[in-house]
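*Asks:* Protein chains in written order, with the numbering used here: chain A, 179 to 278; chain B, 141 to 368; chain C, 11 to 501; chain D, 191 to 282.
Since the hints were derived computationally from the structure, they do not count as laboratory data.
A couple of the hints might just be wrong.
Simulated restraints, written as ranges between beta carbons of each label pair [what the hints assert, rightly or not]:
{"#": "1", "chain 1": "C", "residue 1": "222", "chain 2": "B", "residue 2": "266", "range": "40 to 48 angstroms"}
{"#": "2", "chain 1": "C", "residue 1": "426", "chain 2": "B", "residue 2": "160", "range": "38 to 46 angstroms"}
{"#": "3", "chain 1": "C", "residue 1": "441", "chain 2": "B", "residue 2": "300", "range": "51 to 59 angstroms"}
{"#": "4", "chain 1": "D", "residue 1": "193", "chain 2": "B", "residue 2": "266", "range": "33 to 41 angstroms"}
{"#": "5", "chain 1": "C", "residue 1": "37", "chain 2": "B", "residue 2": "340", "range": "25 to 33 angstroms"}
{"#": "6", "chain 1": "C", "residue 1": "458", "chain 2": "B", "residue 2": "299", "range": "30 to 38 angstroms"}
{"#": "7", "chain 1": "B", "residue 1": "146", "chain 2": "C", "residue 2": "430", "range": "56 to 64 angstroms"}
Selected chain A positions facing chain D (Cβ under 10 angstroms, derived; list incomplete) [as the list claims (entries may be wrong)]:
{"#": "8", "residue": "184"}
{"#": "9", "residue": "192"}
{"#": "10", "residue": "195"}
{"#": "11", "residue": "196"}
{"#": "12", "residue": "226"}
{"#": "13", "residue": "234"}
{"#": "14", "residue": "237"}
{"#": "15", "residue": "240"}
{"#": "16", "residue": "241"}
{"#": "17", "residue": "243"}
{"#": "18", "residue": "248"}
{"#": "19", "residue": "259"}
{"#": "20", "residue": "274"}
The calculated DSS-like cross-link candidates involving lysine-lysine, where the alpha carbons are at most 30 angstroms apart (straight line), are [stated by the list, open to error]:
{"#": "21", "chain 1": "C", "residue 1": "201", "chain 2": "B", "residue 2": "324"}
{"#": "22", "chain 1": "D", "residue 1": "269", "chain 2": "B", "residue 2": "292"}
{"#": "23", "chain 1": "B", "residue 1": "324", "chain 2": "B", "residue 2": "187"}
{"#": "24", "chain 1": "C", "residue 1": "107", "chain 2": "C", "residue 2": "447"}
{"#": "25", "chain 1": "B", "residue 1": "187", "chain 2": "C", "residue 2": "201"}
A quick note: this is a predicted structure, and the numbers were derived from the prediction, not measured.
Note that CB positions come from ideal geometry on N, CA and C, so glycine has one too.
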Amino acid sequence: MSQFLWYALIGAVLLCIGLAGLVIHRHLLRRILALNVMSTGVFLVFVALAKRAGEVPDPVPLAMVLTGLVVSVSATALALVLIVRIQHLHGSAELPGDDA
Amino acid sequence: MIKTDPLRFIAILLALLTIVAFGHMLAWSLWTLPPEAAGLSLIVNEKMPESGVDAQVTAILLNFRSYDTLLELVVLLVALLGAWYLGKLHLPPQDSKPGLVLEGLVRFLVPVMILVTGYILWLGSHAAGGAFQAGALLAGAGVLMLVVIAEKVAVRDGVRLRALLVAGPGVFALVAGGLMLSGKLMLQYPQQHAGSLILLIEAASTLTIGITLTLLFAGGRPHRGKTD
Amino acid sequence: MSLMPALVLIPLLAAFIAFMLPRIARITGLIAAVTVVGLSLTLASHVNTGGPLRMSVAGWEPPLGIGLYADGLTALMLCLTAIVGLGTSIYAVGYFKVDRNHNGYNTSSSGWWPLWLSLWAGLNALFLTDDIFNLYVTLELMGLAAVALVALEAHAVAAATRYLLVGLLGSMFYLLGVGLLYALHGTVDMKILTTTMQAEPAAWMAMALMTAGLLLKTALFPLHFWLPPAHANAPAPVSAVLSALVVKASFYALLRLWLGPFEALAPDLAGQLMGILGAGAILWGSMQALMASRLKLVVAYSTVAQIGYLFLWFPLADSTDAGSIAWYGVVWLALSHGLAKAGLFLAAGNILHASGHDRVTDLAGVGQHLPVTLFAVGLSCASIMGLPPSGGFVGKWLLLNAAFVSGQWWWAVVLLVGGVMAASYSFRVLLHAFRNKESKHPHHTPHPVMEWSALALALGAILLGILSAQPLELLEVGATMGKLALTEAPQ
Amino acid sequence: MSLLDWLFDGLLGLTMLWLGIRVVSGAELLNTIMSFIGLGILMALAWMRLGAPDVALAEAALGGGVTGALLLAAFNRLKDAPSVQTEQDDKD
Numbered sequence: 179m180s181q182f183l184w185y186a187l188i189g190a191v192l193l194c195i196g197l198a199g200l201v202i203h204r205h206l207l208r209r210i211l212a213l214n215v216m217s218t219g220v221f222l223v224f225v226a227l228a229k230r231a232g233e234v235p236d237p238v239p240l241a242m243v244l245t246g247l248v249v250s251v252s253a254t255a256l257a258l259v260l261i262v263r264i265q266h267l268h269g270s271a272e273l274p275g276d277d278a
Numbered sequence: 141m142i143k144t145d146p147l148r149f150i151a152i153l154l155a156l157l158t159i160v161a162f163g164h165m166l167a168w169s170l171w172t173l174p175p176e177a178a179g180l181s182l183i184v185n186e187k188m189p190e191s192g193v194d195a196q197v198t199a200i201l202l203n204f205r206s207y208d209t210l211l212e213l214v215v216l217l218v219a220l221l222g223a224w225y226l227g228k229l230h231l232p233p234q235d236s237k238p239g240l241v242l243e244g245l246v247r248f249l250v251p252v253m254i255l256v257t258g259y260i261l262w263l264g265s266h267a268a269g270g271a272f273q274a275g276a277l278l279a280g281a282g283v284l285m286l287v288v289i290a291e292k293v294a295v296r297d298g299v300r301l302r303a304l305l306v307a308g309p310g311v312f313a314l315v316a317g318g319l320m321l322s323g324k325l326m327l328q329y330p331q332q333h334a335g336s337l338i339l340l341i342e343a344a345s346t347l348t349i350g351i352t353l354t355l356l357f358a359g360g361r362p363h364r365g366k367t368d
Numbered sequence: 011m012s013l014m015p016a017l018v019l020i021p022l023l024a025a026f027i028a029f030m031l032p033r034i035a036r037i038t039g040l041i042a043a044v045t046v047v048g049l050s051l052t053l054a055s056h057v058n059t060g061g062p063l064r065m066s067v068a069g070w071e072p073p074l075g076i077g078l079y080a081d082g083l084t085a086l087m088l089c090l091t092a093i094v095g096l097g098t099s100i101y102a103v104g105y106f107k108v109d110r111n112h113n114g115y116n117t118s119s120s121g122w123w124p125l126w127l128s129l130w131a132g133l134n135a136l137f138l139t140d141d142i143f144n145l146y147v148t149l150e151l152m153g154l155a156a157v158a159l160v161a162l163e164a165h166a167v168a169a170a171t172r173y174l175l176v177g178l179l180g181s182m183f184y185l186l187g188v189g190l191l192y193a194l195h196g197t198v199d200m201k202i203l204t205t206t207m208q209a210e211p212a213a214w215m216a217m218a219l220m221t222a223g224l225l226l227k228t229a230l231f232p233l234h235f236w237l238p239p240a241h242a243n244a245p246a247p248v249s250a251v252l253s254a255l256v257v258k259a260s261f262y263a264l265l266r267l268w269l270g271p272f273e274a275l276a277p278d279l280a281g282q283l284m285g286i287l288g289a290g291a292i293l294w295g296s297m298q299a300l301m302a303s304r305l306k307l308v309v310a311y312s313t314v315a316q317i318g319y320l321f322l323w324f325p326l327a328d329s330t331d332a333g334s335i336a337w338y339g340v341v342w343l344a345l346s347h348g349l350a351k352a353g354l355f356l357a358a359g360n361i362l363h364a365s366g367h368d369r370v371t372d373l374a375g376v377g378q379h380l381p382v383t384l385f386a387v388g389l390s391c392a393s394i395m396g397l398p399p400s401g402g403f404v405g406k407w408l409l410l411n412a413a414f415v416s417g418q419w420w421w422a423v424v425l426l427v428g429g430v431m432a433a434s435y436s437f438r439v440l441l442h443a444f445r446n447k448e449s450k451h452p453h454h455t456p457h458p459v460m461e462w463s464a465l466a467l468a469l470g471a472i473l474l475g476i477l478s479a480q481p482l483e484l485l486e487v488g489a490t491m492g493k494l495a496l497t498e499a500p501q
Numbered sequence: 191m192s193l194l195d196w197l198f199d200g201l202l203g204l205t206m207l208w209l210g211i212r213v214v215s216g217a218e219l220l221n222t223i224m225s226f227i228g229l230g231i232l233m234a235l236a237w238m239r240l241g242a243p244d245v246a247l248a249e250a251a252l253g254g255g256v257t258g259a260l261l262l263a264a265f266n267r268l269k270d271a272p273s274v275q276t277e278q279d280d281k282d
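Between the sequences and the hints, there should be enough to build the whole structure, so can you do that?
*Replies:* Below, the structure written as structure tokens:
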């Protein structure tokens, strides 16, 4: 159980926790939070696996994580604006007729 | 929750079971990965001298895989467009008048943050730093200004603001196009100018990321300026 | 060689200009549309004569840099995107010109051009890329632009949010798959991965994750729940682009992965499962389309059904002799569905624009007031049903041929039942539309450019069937599925 | 890997999991947002441990800071939503 594997497993568990949150909750803000927990988990797996290249980690996955971070921040920002808009239009921060 | 909607409860239970199973399979596949793997780090070390910068991650982001970063800056712009065309900007109502101390702190803190942003941007060429970290810090300064001294911040929607928002990906695309016209492949920096071109793109990107994230925090399109 | 990057840079620069200077957005958009159509056609001719094009961005060879690759399939998808894009851009000039606040539909025209041009750049980048992480960034760019476009319509904000959540979930799974593949092989380039791929647990998990992510984004039954509300409530040009191009782009990504890296791994069982899900999509989508009350909802469910046809390729791909026939059939269905569905959604937009509603039962009088639009609806439905000589017919005929040659006759049954159901929901719409009504003048007739662009795209779907010889040869360039045995069916 | 390293990594990992669970299962919405910001900061620390300072800096700034600010802003807007009037945007 080396250091990278420990963090990679933590990342995998975070991914599952986020997935569970996405399934359980219907409030959209909580779903966005769950999605963000999932993406942090995925990025942690990336960085942990990069550490297998020795003391100095492999820089390519790190660059991918940076790109992924900016993408997930912009997606979260758009989602939050949409949620606030739904609250104004439907009065509740949940998707109408949400069966999932 | 069981009483209210038994069907949904069973569905969630099933979903959670599949998630646990998926988690085990994922953990097992992570477990079977080879413990030592150099990945691309050897090739990156070998090609670093030609990249024009000393920091490896910045070299990858802005030279080896610069095409990813260009598209990603466009993603940020698209998110802002989505937020803008959804509704007008509603600056948070100033219910609590910011105290003298808070306002004084912000007046001191924001210039310092902008200074540090410049430092981190410059640091990116040879150590941990770069456009995204500097842009995020600039956004922090912007958020502070919006929250504490909102009424003094004259954010007007006009060509100037939009030019700033497009500066990052715009400069990137223009450099890419310009290099192509001069006979090189897209985004293939000439060897001797690589460092300066990267710094130019990073500076424009920092500005764009900072302002875009601040406007995304504000959540809507600023009012139309008198000038436009 | 600078053709491929230009296909991405020109829409991008046009998007920036359209955003910065809203007053000249329309002109920039049209000029960019025409230029990209020209570039796509020249690229297609280059590929046809000179074979697949390959280029590494910024001069760094993969695995370090990002590779761009264009073969027959890429050229055809780029041309499809260009033609549908040009038609929709011309349609949008008319659609957003008129201020339509009065019947409750408010669409901000200024948001359309920058978002649509960014989406177009993302589509071109996705078709050209040969790098799975770059594919992730293009999928995300395309997804966010599509959500922002759907949200332009005030009524579609809830559908846009659900679309965004599903899109993000799909991208998350896909990204984890990319991470595992990189951890195994130290590269994200598709061509290298195809050679180094072996069957090991992490590879299986990566394949399952990436396939699940892309299935979510392609809205294959039962993961299709987000598509109908998003496509039916979005503004007409947005629905056309989403149904014709965006959904096909994620299917294209899946096709590239299953023809490249995952070919060594793909078990027959997975192929059969995808086929069954496809058959389910055809039946479920067609049934829903039959019962839908609004025209745009009928068209959206028809998209869900037509996507099902595309997934019939997976079970047929394994049989050695039928594999190539099925490959051509599926690509042909994708192309003709793209053109037909774009024309149909634009026509539905015209009807909604003219009469203020699109309830299927009250479509009477459309034939009198909007003959060109109804002609477009008729032609598009002919291609979706698969009537000769439309492109849809050629595609379905090839798939039927492949089904019989490979001995998996049950897919042929699914194809025929799907065709019958497609015919029924199309005729239901046409029946209502051809009924005459006393001379009640519609609210206002849509701009002629809107009607003729819808008709042009619908005609394109028919022409695709008639002039199919030349493009079919183009598809053989660099096709991994080998040559098409059109003449004699190999025993 | 000395015992101290193991102790630190183990503790950091478990705290991140605990915060992750709190984000998903927290009763009060504001607390979940706070837990998420905490998770972002600890993630930055974890990436420092894994030898990636620039990504850690970006995670702290983007993941913890900016995303946290966006979430809190959205939380406030959701709280006093009905009072804010929304007029359709004008033509550009």
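*Asks:* Hints broken by the structure, by number, lowest first?
*Replies:* Structure breaks hints 7 and 20.
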